[in-house]
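Input sequences plus hints: build the corresponding full structure.
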Amino acid sequence: MQGGDHVEDKDHNQETGELRISPEAIAVIASTAVMQVKGVSALATGRMEDLTERVGMRNPGKGLRLEIKNNTVSIDVHIIVHFGCRIPDVARSIQKTVKGAIEQMTDLHVTAVNVLVQGIDFSGTQERLISED
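Heads up: the sequence shown begins at 0 in numbering that gives the first Met the number 0, then just goes up one per residue.
The hints are simulated quantities; they were obtained by calculation from the structure and are not laboratory data.
No false leads were mixed into what you were given.
Below, computed lysine-lysine pairings styled on DSSO-like, alpha-carbon distance capped at 27 Å:
no. : residue 1 : residue 2
1   : Lys68     : Lys98
2   : Lys68     : Lys95
3   : Lys95     : Lys37
4   : Lys37     : Lys61
Just the calculated beta-carbon pair ranges, DEER-fashion:
no. : residue 1 : residue 2 : range
5   : Glu14     : Phe82     : 49 to 57 Å
6   : Glu17     : Arg91     : 30 to 38 Å
7   : Ala24     : Ser122    : 30 to 38 Å
8   : Arg19     : Leu115    : 24 to 32 Å
A virtual CB, placed ideally from N, CA and C, is assigned to each residue, including glycine.
This is the structure:
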């Protein structure tokens with residue numbers, strides 16, 4: 000979640016009381032789901048997120064931007080992919096995995112998972128090329 004995002008807590012009115020799901024909890028679900036997708040090297044960060052981490056503050060929404068309104072969520076996911084992966088396949092897998100995880104765990108409806116590829120990770124490329132010979 001970046002500055003300027005419009006985010007509201009998810010509220011459930013139940014007979015026994017209230018349930019609130021924080022944007023941070025939703026961000027943790029989304030980031031965990033993203034990192035389970037084959038081909039994802041990392042969640043990409045912006046300059047402000049890098050500064051936050053340097054001063055020792057934990058950022059559960061690193062690489063994510065959430066908008067939560069009326070029991071719906073839309074998410075922008077900024078990623079770095081491994082070199083050699085088919086980017087459209089990785090993006091579709093992220094969309095399916097993130098949507099499924101959030102909807103299953105929170106009962107929120109996910110309206111969009113937008114995947115933005117910020118870079119390519121070449122680490123390990125040379126080792127993979129050598130082992131294929």
